[in-house]
Structures are given as structure tokens and as C-alpha cells.
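Q: So the sequence shown is numbered by the UniProt record's numbering: it starts at 1 and just counts up by one.
Treat the hints as calculated values from the structure; they're not laboratory data. Please note that the accuracy of each hint is not assured.
What the hints assert, rightly or not - For lysine to aspartate or glutamate, the following EDC-like pairs were computed, each having C-alpha atoms within a straight-line distance of at most 16 angstroms:
id: 1; residue 1: 125; residue 2: 46
id: 2; residue 1: 125; residue 2: 75
id: 3; residue 1: 125; residue 2: 233
As the list claims (entries may be wrong) - Have a look at the derived ranges for each label pair, beta carbon to beta carbon:
id: 4; residue 1: 109; residue 2: 212; range: 28 to 38 angstroms
id: 5; residue 1: 95; residue 2: 35; range: 33 to 43 angstroms
id: 6; residue 1: 201; residue 2: 172; range: 30 to 40 angstroms
id: 7; residue 1: 162; residue 2: 90; range: 17 to 27 angstroms
id: 8; residue 1: 109; residue 2: 29; range: 28 to 38 angstroms
id: 9; residue 1: 179; residue 2: 155; range: 15 to 25 angstroms
id: 10; residue 1: 109; residue 2: 194; range: 18 to 28 angstroms
id: 11; residue 1: 188; residue 2: 55; range: 44 to 54 angstroms
id: 12; residue 1: 31; residue 2: 179; range: 20 to 30 angstroms
id: 13; residue 1: 186; residue 2: 11; range: 17 to 27 angstroms
id: 14; residue 1: 55; residue 2: 82; range: 19 to 29 angstroms
id: 15; residue 1: 152; residue 2: 180; range: 18 to 28 angstroms
Using N, Cα and C, we set each Cβ at its ideal position, and we do this for glycine too.
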Amino acid sequence: MAVLNLRPLAGGRILRGSQPFGLDAAATSGFLAEHGIQAIVDLRSELERSLVPWLVQNHHDAGGEPAAVAPPAVELIHNPLDPNAIAGSLQSVETAEDLGDLYLGWVRLRPEWVGDALRPVARGKRTLVHCSLGKDRTGVVSAIALLASGGTEDQVVADYAATTANLPDVLEVMAETWRLSVPATPAEYFSPELMILQSPEAAMQHFLAGFAQEFGDARSFLREAGLTAVEVESLAL
């Protein structure tokens with residue numbers, strides 16, 4: 001298997017994707033080397049990470065220092081956002097607008113989470129940013145990264161919607177992963193009919209409109225989220 005829903009952003013300095021499905025240590029090393037990845041920002045909760053862990057050594061929580069290993073390894077940064085633990089119920093998402101509002105709630109309550117996710121990129125590391133499906137948490141961070149790098153809203157929406165073509169494969173593998181690890185998981189939990197498992201353009205359009213109204217531009221938001229002026233400027237293409 002592999003990291004699915006994978007694609008580059010911001011001139012290739014960022015890769016976005018899913019969690020690593022079925023990669024042993026050798027395959028993980030090969031994947032990271034093939035793509036020149038220097039840092040991984042893992043946006044998943046502790047439970048999600050325990051089900052599908054990264055097989056790399058050099059890991060730490062966002063804001064902490066990497067472990068000392070030799071030879072130098074890819075930096076793995078745990079920067080979790082658990083959608084079930086903060087405002088906005090996943091079960092209440094029924095429309096594209098609900099989905100966009102869910103995303104707004106995340107950046108409203110956890111702006112530093114976005115800043116921490118993009119700090120390795122701002123410091124010059126080619127970085128893989130991912131969650132589980134590579135859709136929601138990854139989509140929010142990717143949207144703000146694209147805007148900060150000079151991308152247009154149309155480019156952000158197109159990138160977000162590109163996940164739609166990849167969702168059937170990702171959902172199939174994700175459902176199997178959960179069935180093996182948590183046999184009691186209901187089959188409908190991964191139904192593609194659920195809005196929370198879709199990637200409609202309207203959801204990102206709604207998020208971007210609300211983001212602009214509430215926070216202004218992405219670079220100002222990232223300054224407030226904890227990045228320095230130099231770090232924010234380094235995100236620009």
C-alpha cells in the first residue's frame with residue numbers, strides 16, 4: 001500500500017496526503033526517500049496514530065524538540081486535532097455549508113494548530129502534511145498554505161475538490177483498516193453518502209468566505225497563529 005490522495009502544493013514544498021497504509025519500515029524509508037520528504041506533520045489523534053503508526057524514529061509533539069538520533073532521520077511531528085473532541089459534531093454535518101462551518105470552527109479554536117503544521121515548511125523542509133483520509137484537516141491546512149503562498153481561491157477550491165476522485169480507494173482501504181483494528185465499527189461509518197466523507201467545492205468555498213470575513217488574509221492569520229514574519233514570508237512563492 002502507500003500514502004493515498006497524494007499531491008504536491010506550493011511549488012512542491014508541501015505534499016498532502018492520507019495516512020500511511022500498509023507501509024513496513026523498508027517501504028516507509030523508500031517512500032520518504034522517493035519524495036524527498038524531510039518532515040512529516042501528522043494531524044491525527046492519538047487513537048488514529050495507534051491504529052496506523054509511522055515507522056520512523058525521529059518524532060516529537062508540535063512545539064517540542066526532535067529526539068536525537070543518528071543518522072539524521074525524517075522529522076515526525078505530532079500535531080493532532082481530534083474532530084470529536086472540539087466544537088462541531090461530525091454527525092451534524094449534513095450539507096456542504098455545514099462542512100465549511102466545521103472547518104471554520106477548527107481554525108477559530110485552534111489557530112496555533114495551523115501555524116504549527118506549516119512551521120517546518122516555513123523553515124525550509126519539504127514536508128508531508130496528512131491526517132487520515134487527507135481530506136478535512138489536511139484540506140484546511142493546505143488551503144491556508146496555498147493562500148499564504150500566493151494561490152488564488154479558485155486554486156484552493158480545485159485542490160480541495162481533487163480529493164473527490166481519490167475517495168473511493170481511500171475509503172475502501174480505511175474501512176478495511178478499521179474493521180481489522182476495531183471489529184465493532186459499523187459498515188455505514190464509511191459510507192460515501194455521508195457529507196463528512198465527501199469533498200464538494202461548495203464546502204471549501206463556504207470556508208474561504210467565512211475565513212476571509214473573520215480573519216482577513218492567510219498571512220495575517222498565520223502571524224496571529226504563532227509564525228514569525230520571516231516564517232510567513234518564506235511561505236510565499
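Q: Taking each numbered hint in turn, which are not upheld by the structure, reported in ascending numerical order?
A: Of the numbered hints given earlier, those the structure breaks are 1, 4, 6, 9, 11, 13, 15, listed in rising order.
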